[in-house]
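Visitor: Sequence:
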Amino acid sequence: MDRLRGLFRQLRAIVRGRAADAELDEEIASHLDLETARLISGGLAPAEARRRALAAFGGRD
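Quick note: to get the numbering used here, add 134 to the position in the sequence shown (first position is 1).
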């Protein structure tokens, strides 16, 4: 029973970790989208705006 409980805890940690990663990815994407839109409204072409937003953020892996 203890082995099963331990396995369940490990599985839960993996799932929670993935959910946290997904949430962080969404937040980063949102910030990049906002910065890209701001740069576009300032007159940059969309591709250049995205490139600059990514560069300002430090890239995205």
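It should be emphasised that the hints constitute simulated quantities derived from the structure, not laboratory data.
Mixed in with the good hints, there may be bad ones.
Unchecked claim - Simulated restraints on C-beta separations:
1. Arg146 x Ala181: 11 to 21 Å
2. Asp167 x Leu145: 25 to 35 Å
3. Ala190 x Glu160: 13 to 23 Å
4. Ala163 x Arg143: 27 to 37 Å
5. Leu178 x Asp155: 48 to 58 Å
6. Asp159 x Arg185: 15 to 25 Å
7. Leu145 x Ala189: 31 to 41 Å
8. Leu138 x Ala190: 20 to 30 Å
Here a beta-carbon is modelled for each residue, glycine too, at the ideal position from N, C-alpha and C.
Visitor: Please go over all the hints and tell whether each is borne out by the structure.
Guide: Verification of the supplied hints:
Separated by about 42 Å at the C-beta atoms, arginine 146 and alanine 181 break the suggested range of 11 to 21 Å. Between aspartate 167 and leucine 145 the beta carbons are some 33 Å apart, a value that agrees with the proposed interval 25 to 35 Å. Between alanine 190 and glutamate 160 the CB atoms are about 19 Å apart, so this pair conforms to the stated range of 13 to 23 Å. Checked against the hint of 27 to 37 Å, the pair alanine 163 and arginine 143 passes, with Cβ atoms roughly 31 Å apart.
Between leucine 178 and aspartate 155 the Cβ separation comes to about 30 Å, which falls outside the hinted range of 48 to 58 Å. The hinted window of 15 to 25 Å between aspartate 159 and arginine 185 holds, with their beta carbons roughly 19 Å apart. Separation of leucine 145 from alanine 189 is about 39 Å and conforms to the stated range, judged on CB atoms against 31 to 41 Å. Between leucine 138 and alanine 190 the Cβ separation comes to about 48 Å, which falls outside the hinted range of 20 to 30 Å.
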